[in-house]
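Student: Chains as they are written, first to last, in this note's numbering: chain R, 1 to 215; chain W, 1 to 223.
Do not rely on the hints blindly, as some may be mistaken.
Unchecked claim - Derived list of chain W stretches under chain R, where covered just means 3 residues or more per stretch with a C-beta under 8 Å from a C-beta of chain R:
| # | region |
| --- | --- |
| 1 | 19-30 |
| 2 | 188-196 |
What the hints assert, rightly or not - A few chain W residues that face chain R, going by a derived Cβ cut-off under 8 Å, partial list only:
| # | residue |
| --- | --- |
| 3 | ASP85 |
| 4 | ALA91 |
| 5 | ARG161 |
Claimed, not checked - Capping the alpha-carbon separation at 25 Å, the derived lysine to any residue pairs in SDA-like fashion look like this:
| # | chain 1 | residue 1 | chain 2 | residue 2 |
| --- | --- | --- | --- | --- |
| 6 | R | LYS38 | R | ASN61 |
| 7 | W | LYS222 | R | GLY81 |
| 8 | R | LYS148 | W | ALA77 |
| 9 | R | LYS148 | W | ARG24 |
| 10 | R | LYS109 | R | GLY81 |
| 11 | R | LYS148 | R | ASP208 |
| 12 | R | LYS129 | W | ASP85 |
| 13 | R | LYS38 | W | ARG24 |
| 14 | R | LYS113 | R | GLY80 |
| 15 | W | LYS222 | R | LYS129 |
Hints in this document: simulated from the structure, not taken from any laboratory.
Heads up, the beta-carbon is just placed ideally off N, CA and C, and yes, glycines get one too.
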Amino acid sequence: MLRLDLPSDPRVNRVARLRAIIIAAMLSVSGLGKRFGKRWIFRRIEFCLTPGQVLVVTGPNGSGKSTLLRILAGLEPPTGGEVDASGAVGYVSPELALYAQLTGSEHLKLASKLRRGSQGCDPVGALGKVGLDSAGGLRVGAYSTGMKARLRLALAVCHRPGVLLLDEASASLDEEGKSLVERTIAEQRGSGVVVLATNDPSERRYGDFELRLGG
Amino acid sequence: MSLGWGAEVAAVVRKEFRVELRGRVGLYSTLVFAVGAVTALGLASVRGEPSPSLAAGLLWVAMLFACVVGLARTFLAEEEQGTGDLLRLIANPGPVFWGKAIFNFLLIVAVAGLVVPLFVLFVRVQVADVGLLVCGTLCGCAGLAAVLSMCGALASRATGRGLLTGVISLPLLLPVLAAGITALRGAFGDSVSESWGAVASLAGMAAAFFAIGPYLYAAVWKQ
């Protein structure tokens with residue numbers, strides 16, 4: 001079960017403090033559950049994240065980490081419960097396919113044209129930030145797995161989302177790429193929240209809270 | 001519809017052209033079907049010119065063969081290649097539907113630009129009314145693009161989407177083909193009186209299917 005981060009002033013009663021957190025929340029989840037057939041992958045998940053907070057989701061393979069993040073991203077409907085995200089959502093996953101025929105730069109331009117209600121995106125700056133400035137004109141079909149992972153990261157943060165969802169974001173990255181993910185999480189703390197699903201025990205250090213699934 | 005909406009649609013159209021022209025999967029199959037069908041029809045009609053009615057039917061068969069694979073594929077390929085999730089993250093269903101539908105229409109018009117002259121040349125059919133031929137072909141192309149876009153969009157998230165697209169598009173394609181044949185029959189020398197009415201029917205059917213498509217696509221967008 002997830003701990004809630006309550007303001008420490010003891011004069012404020014608990015209900016008022018909870019209300020304050022919910023109002024300030026960028027991502028709140030209540031009673032969330034997902035079932036495939038008759039098997040519940042997870043159920044009754046509740047949490048609330050306010051700006052600056054990072055939630056790390058852990059658990060064995062098949063425990064529903066990726067499914068939870070897909071639900072939070074709005075890519076999959078939950079069986080029950082609600083997700084309320086304020087602001088734009090950025091999502092990174094190794095399963096997120098890219099267009100092999102488009103260049104990295106074209107991906108970012110397409111995203112900046114199609115996204116509504118979010119802050120503008122600077123494709124050149126975003127590519128430079130993830131170390132792809134010299135590869136922006138190459139078609140993604142010619143990218144390595146690590147370069148694709150970097151492009152996914154650029155696509156997710158380019159529009160400065162309020163909620164950043166990282167599913168195994170460091171899985172195929174080299175040391176420099178892993179520190180890029182670390183920097184991205186640190187930057188996101190300044191403007192929004194992060195939910196990070198990982199199998200890497202060393203990434204638990206990024207989180208203010210941990211949600212363990214399948215345990 | 002705002003300027004922003006138009007820019008979103010234009011971005012999807014550009015994306016479709018880039019992916020298609022660089023990937024060439026659908027384009028090549030469409031061209032092979034188009035040239036193959038017209039050549040076969042030309043060889044079959046060596047011994048005599050077909051009647052206006054038969055010529056109009058044969059032309060639409062060639063167009064249908066050439067386009068049916070490529071057009072529905074525009075929607076289905078996103079799910080098969082897994083890029084549908086990326087689109088759902090960055091876009092809204094309306095501009096995506098319209099961008100793909102417009103791309104489909106432009107693709108089928110380009111195919112018609114190849115198939116119709118080749119057909120007239122190979123099958124040696126007499127064109128009695130060029131205006132009717134152009135209008136009938138354009139409206140028929142719009143009808144085919146609208147039906148195949150709408151059915152591709154509706155079936156895009158289903159299991160067995162290829163089969164489902166074929167099954168649901170068949171009853172909708174039949175009236176489009178019937179009106180298309182009536183329209184082009186006049187262009188090939190038959191009575192013109194019914195043909196302009198058929199052109200109007202084609203335009204109406206295309207408008208109706210294009211109008212319904214975005215709502216159906218929005219309904220299946222996040223399922």
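Student: For each hint, tell me whether it holds in the structure or not.
Tutor: A quick look at each hint next to the structure:
no.	hint	verdict
1	19-30	holds (count 3)
2	188-196	violated (count 0)
3	ASP85	5 Å, holds
4	ALA91	4 Å, holds
5	ARG161	16 Å, violated
6	R:LYS38 - R:ASN61	19 Å, holds
7	W:LYS222 - R:GLY81	16 Å, holds
8	R:LYS148 - W:ALA77	20 Å, holds
9	R:LYS148 - W:ARG24	22 Å, holds
10	R:LYS109 - R:GLY81	35 Å, violated
11	R:LYS148 - R:ASP208	28 Å, violated
12	R:LYS129 - W:ASP85	24 Å, holds
13	R:LYS38 - W:ARG24	43 Å, violated
14	R:LYS113 - R:GLY80	33 Å, violated
15	W:LYS222 - R:LYS129	31 Å, violated
In this structure, the earlier hints numbered 2, 5, 10, 11, 13, 14, 15 are contradicted, and the remaining ones agree with it.
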